[in-house]
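Sequence order for the protein chains is H and A. So the first sequence is residues 1 to 108, counted in the working numbering. So the second sequence is residues 1 to 113, counted in the working numbering.
Keep in mind the hints are simulated off the structure, nothing from the lab. Please note that a few of the clues may not be correct.
[Unchecked claim] What follows is a list of derived Cβ distance ranges for each label pair:
1) Val-12/A - Ser-40/H: 12 to 22 Å
2) Ser-40/H - Thr-13/A: 17 to 27 Å
3) Pro-8/A - Ala-29/H: 21 to 31 Å
4) Thr-13/A - Ala-29/H: 40 to 50 Å
5) Pro-9/H - Gln-106/A: 22 to 32 Å
6) His-10/A - Arg-51/H: 15 to 25 Å
7) Val-113/A - His-72/H: 40 to 50 Å
8) Ser-7/A - Glu-39/H: 13 to 23 Å
[As the list claims (entries may be wrong)] SDA-like cross-link-like pairs, simulated, lysine to any residue; straight-line CA separation at most 25 Å:
9) Lys-57/A - Tyr-32/H
10) Lys-56/H - Lys-57/A
11) Lys-56/H - Ser-93/H
[Stated by the list, open to error] Calculated from the model, a selection of chain H residues having no Cβ within reach of chain A, i.e. all distances over 12 Å:
12) Gln-38
13) Pro-44
14) Asp-49
15) Asn-53
16) Gln-60
Beta carbons are placed, not taken as given, at the ideal position from N, Cα and C, and that holds for glycine.
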Amino acid sequence: GESVGLHLPTLSVQEGDNSIINCAYSNSASDYFIWYKQESGKGPQFIIDIRSNMDKRQGQRVTVLLNKTVKHLSLQIAATQPGDSAVYFCAESNDMRFGAGTRLTVKP
Amino acid sequence: DAGITQSPRHKVTETGTPVTLRCHQTENHRYMYWYRQDPGHGLRLIHYSYGVKDTDKGEVSDGYSVSRSKTEDFLLTLESATSSQTSVYFCAISESNRVAEAFFGQGTRLTVV
């Protein structure tokens, strides 16, 4: 069946640098996407969402980009901080499944 | 945090014993979900509920059953626990059937020895 997946399982960045986490999806009918952050020992928490009629949405230090042509979603974190270290998941509205996630590690 | 409480937070049990995990919500959300999370597999849906006494299977439902007799409670039961069911279990709730809009609990770490 169609599913959401992630390109890279791990990402290591220097504190202060920008981070980009990618996600591919295959269900062209999906109209809503969400990024979750999961810190160690905790449940996933909502970060930011985007609807399919948008290409970009910005939050506080985070930006989500949606490219429907290639069915690609990305999460950009500006000025990455140690507190951003976590596993990041994307999810789509029509799917109850999540990918394995990308583990972001921020080096001081 | 959304009003979701999972209990217990940690449990160690022996193979072959029954185990019940509880998810309690105070948000009056219609949809509730049980996921398990294992290294390399991410979150996998076990069962979900779309109303009182209305439940359906997810992708890894074998060995698990659920019940929802009240809006606020969603129980996950392992009838006869096996070591392969050692995992971290997450409950989630959502107002709509868009699981992508779900709020997650803190998780229950279950170890079957």
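Item to check | Hints the structure fails to honour | outcome: Hints 3, 6, 10, 12, 13 and 14 not satisfied by this model.
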